[in-house]
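Turn these sequences into a full structure, and let the hints steer you where they fit.
Each chain, written out:
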Amino acid sequence: MAVVFDKPHALIDVPLHYCPGCTHGIIHRLVAEVIDELGIEGKTIGIAPVGCSVMAYNYFNCDMIEAAHGRAPAVATGVKRADPENHIVFTYQGDGDLASIGMAETVHAAARNENITVIFINNAIYGMTGGQMAPTSLPGQVTQTSPYGRDTKHCGFPIKVCEMLSELEGPEYLERVTVNSVKNIRTAKKAIKKAFQNQIDGKGFSLVEVISSCPTNWGMTPQAALKWIDDKMIPYYPLGVYKDRSAEKEAE
Amino acid sequence: MADKVLMKGNEAIAEAAIIAGCRHYFGYPITPQTEVAAYMAKKMPKIGGCFLQAESEIAAINMVYGVSSAGKRVMTSSSSPGISLKGEGLSYLAGSDLPALVVNVQRGGPGLGGIQPSQSDYFQATRGGGHGDYHMIVLAPASVQEMAELTVKGFDLADKYRMTSMILADGTMGQMMEPVSLDFDIKPAPEKPWATTGTKLEREHNIVNSLSLVPEELEMLNIKRYERYKIVEESETMYEEYMVDDADIVIAAFGIAARVSKNAVNEARKQGIKAGLIRPITLWPFPKAPFEKAVEHANAFISVELSMGQMIEDVKLATSCKVPVTLCNRVGGMIPSPEQVLKSIIEVNNGGVK
Amino acid sequence: MSTKQFLFSGFGGQGILFAGKFLAYKGLIENKQVSWLPSYGPEMRGGTASCSVIVSDEPVGSPIVSNPDMLIAMNLPSLDRYEDAVVPGGVIFADSTLIERKVKRDDVTVYYIPATRLASENGTPTLANMIIVGKILKVLGEFSDEAVRAALGKVVSAKHADMLEVNLNAMKLGADYE
Numbered sequence: 001m002a003v004v005f006d007k008p009h010a011l012i013d014v015p016l017h018y019c020p021g022c023t024h025g026i027i028h029r030l031v032a033e034v035i036d037e038l039g040i041e042g043k044t045i046g047i048a049p050v051g052c053s054v055m056a057y058n059y060f061n062c063d064m065i066e067a068a069h070g071r072a073p074a075v076a077t078g079v080k081r082a083d084p085e086n087h088i089v090f091t092y093q094g095d096g097d098l099a100s101i102g103m104a105e106t107v108h109a110a111a112r113n114e115n116i117t118v119i120f121i122n123n124a125i126y127g128m129t130g131g132q133m134a135p136t137s138l139p140g141q142v143t144q145t146s147p148y149g150r151d152t153k154h155c156g157f158p159i160k161v162c163e164m165l166s167e168l169e170g171p172e173y174l175e176r177v178t179v180n181s182v183k184n185i186r187t188a189k190k191a192i193k194k195a196f197q198n199q200i201d202g203k204g205f206s207l208v209e210v211i212s213s214c215p216t217n218w219g220m221t222p223q224a225a226l227k228w229i230d231d232k233m234i235p236y237y238p239l240g241v242y243k244d245r246s247a248e249k250e251a252e
Numbered sequence: 253m254a255d256k257v258l259m260k261g262n263e264a265i266a267e268a269a270i271i272a273g274c275r276h277y278f279g280y281p282i283t284p285q286t287e288v289a290a291y292m293a294k295k296m297p298k299i300g301g302c303f304l305q306a307e308s309e310i311a312a313i314n315m316v317y318g319v320s321s322a323g324k325r326v327m328t329s330s331s332s333p334g335i336s337l338k339g340e341g342l343s344y345l346a347g348s349d350l351p352a353l354v355v356n357v358q359r360g361g362p363g364l365g366g367i368q369p370s371q372s373d374y375f376q377a378t379r380g381g382g383h384g385d386y387h388m389i390v391l392a393p394a395s396v397q398e399m400a401e402l403t404v405k406g407f408d409l410a411d412k413y414r415m416t417s418m419i420l421a422d423g424t425m426g427q428m429m430e431p432v433s434l435d436f437d438i439k440p441a442p443e444k445p446w447a448t449t450g451t452k453l454e455r456e457h458n459i460v461n462s463l464s465l466v467p468e469e470l471e472m473l474n475i476k477r478y479e480r481y482k483i484v485e486e487s488e489t490m491y492e493e494y495m496v497d498d499a500d501i502v503i504a505a506f507g508i509a510a511r512v513s514k515n516a517v518n519e520a521r522k523q524g525i526k527a528g529l530i531r532p533i534t535l536w537p538f539p540k541a542p543f544e545k546a547v548e549h550a551n552a553f554i555s556v557e558l559s560m561g562q563m564i565e566d567v568k569l570a571t572s573c574k575v576p577v578t579l580c581n582r583v584g585g586m587i588p589s590p591e592q593v594l595k596s597i598i599e600v601n602n603g604g605v606k
Numbered sequence: 607m608s609t610k611q612f613l614f615s616g617f618g619g620q621g622i623l624f625a626g627k628f629l630a631y632k633g634l635i636e637n638k639q640v641s642w643l644p645s646y647g648p649e650m651r652g653g654t655a656s657c658s659v660i661v662s663d664e665p666v667g668s669p670i671v672s673n674p675d676m677l678i679a680m681n682l683p684s685l686d687r688y689e690d691a692v693v694p695g696g697v698i699f700a701d702s703t704l705i706e707r708k709v710k711r712d713d714v715t716v717y718y719i720p721a722t723r724l725a726s727e728n729g730t731p732t733l734a735n736m737i738i739v740g741k742i743l744k745v746l747g748e749f750s751d752e753a754v755r756a757a758l759g760k761v762v763s764a765k766h767a768d769m770l771e772v773n774l775n776a777m778k779l780g781a782d783y784e
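Residue numbers (this note's numbering), protein chains in the order written: chain D, 1 to 252; chain B, 253 to 606; chain A, 607 to 784.
The set of hints was computed from the structure by calculation and includes no laboratory data. By construction, the Cβ of each residue, glycine as well, lies at the ideal position given by its N, Cα and C atoms. There could be a bad hint or two in this list.
Derived DEER-like restraints, expressed as beta-carbon distance ranges [said to hold, decoys possible]:
no.: 1; chain 1: B; residue 1: ARG455; chain 2: A; residue 2: ASN637; range: 54 to 60 Å
no.: 2; chain 1: D; residue 1: THR129; chain 2: B; residue 2: ARG379; range: 25 to 31 Å
no.: 3; chain 1: D; residue 1: ALA2; chain 2: B; residue 2: LYS482; range: 57 to 63 Å
no.: 4; chain 1: B; residue 1: GLY273; chain 2: D; residue 2: LYS232; range: 51 to 57 Å
Shown next, in the form of structure tokens:
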């Protein structure tokens, strides 16, 4: 019988620990498909710091490093520079990790145009620790540590990472995507593939922000969560390409 | 033997690291270790190496973590406040059993403290510095020659035991110049089959990791790690003895304090007082054996330190408190003079201090 | 004497550290044990700079010179600060252009050298330090063109090779000054 659907080779055939309805599974798959399609599994080293995806080392078939909270871009810098010709390096980071505790590492890796690929999961909440306010939690969003809704007068505004990084001279490519529909998933995969291809081509820092859902900590059904992305997240975090230096150059 | 050259201690560390095959250095500016970074910035690009000024001490130690994961020799250097920031990374390096060389050219603390020499990070270095049960191999040079030698040794030990080696120097050692011979017997780094260098689709994937959520497993990991530490304790302890054999009064001192103390011992001997000196070169593992031997004939020990008294605890443990151990110290960037140490020796000899 | 301890002190910019380095290198070339320890930190620019140099036949113990055999004071604050520290029977070299007062002690030998003025008259205003070093070597009976050239070769970078003779001449000025 012909196999019409299979796990990508870059994913190990084990059950994921993620909650039902969580989009991590989709994004893992997209990253793995891209690794397969580009034929780079044997030279890829993935870095997953603290967060829900900390155990991604159990899922990806390539070499994996677990890193301290927020430090993945620094670790990736080390791995990449250890052998720039032969290492393809990606980080897989959540919003608390990338935009709060690890903001300095994020900004400076981007400013250096470090030739790495960053997969940034923005679900507007700290998932692993049980649903606390994240640097990307929306104004008014109820979380465990903003039980009356995020009060911007008290704790400020969410950080729009792609917009912020796009002001830097350094980074090569910044795009925001989501995975709440088949169409959006296709776009997301294209973006992720480009982010890896850029690294192969030596173009530099490429970050794909994936707007994701967290039904468990948002307190919603998986379907309601996907709809909430459309209704609440995307209006605040518009999808699209925020920087694409090579394309800009070609256009000139 | 190759010609000796005059070098600053900090530069000797940098050059020795390069000789030892280190091609990756990450750091952040801080006095009084800046010459290490400056030297690397100049040299690395010329030899195909990588010098990168990181955005923070935290980033620097994590870049070290990355290169080490990829199986290459790598180092960072800093001074006391910067080492505190690296504490997290030091714990992760230990938890992931990664080799690295970290240099601490100490300055006075706590807090921002001062920039003058100090030894007040002894506890931080020998007891860990970061969270969790772990050790680093702590090497305490007392000359510029040793700054170089222990750097080479540090890389070897780090690779051999998959641990962090820390050079625990101080501002004096970093800034002073002495003749150095850089004629080293360099051993090739061991194979690192655990390194994350890409599977090449030829092996199972490697994982560098310090997370272990099953208590039974994490317990075993800790126990196994300590079995390795025990081998280090049994086989890698280093120290120097000076006139200890017949000594009534034995000084314990490392680094610059040992240099000062040697002068005092010589002067005491001239005055007919049988003084001696034990200089630990490895602070962890602490050289217990010479103290256990000396306590059989010595009447008293004096710990000479540039701290409020940190190593003195190890001296008391190593001598099982069989005889009095007193402290002779200066802090905050001050250094005890040979006269001060001599005065301590004389007081202890007269039974004036208990 | 098997061990000589020097303390150089003056303003930052007077070449205090360089002068000390020269003596250390000279010792190294002559197979002595040497150490050189600078003061370091923000006070180095415009403030006081000092360095300890030890040249010995035996391994150097403490590299810190608190009681010098020879004090080189290139400004008044340095003389004020270190005059009393010199060992009895020791030597003080004072730049008398910048230090107007006399040394108070009578148990030390003092050489007053108007080094800053001599350097300026010589057209090498930055070499007052080496003029004094010339005098030190003369007093020690160690001045010889060969020895000086060899040591200068170590401290003057190849880029500034022309400075070697200029330094040597400055040192001769100091050595010949009575």
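Could one say that the CB atoms of ALA2/D and LYS482/B fall in the range 57 to 63 Å? 58 Å, holds
Range hint compliance [Cβ, ARG455/B to ASN637/A, 54 to 60 Å]: 55 Å, holds
Against the range 51 to 57 Å, how does the distance between the Cβ atoms of GLY273/B and LYS232/D compare: consistent or not? For GLY273/B and LYS232/D the Cβ distance comes to about 54 Å; the hint holds.
Can you tell me whether the CB distance of THR129/D to ARG379/B sits inside 25 to 31 Å? Between THR129/D and ARG379/B, where Cβ atoms are some 29 Å apart, the hint holds.
Taken one by one, the earlier hints all hold for this structure without exception.
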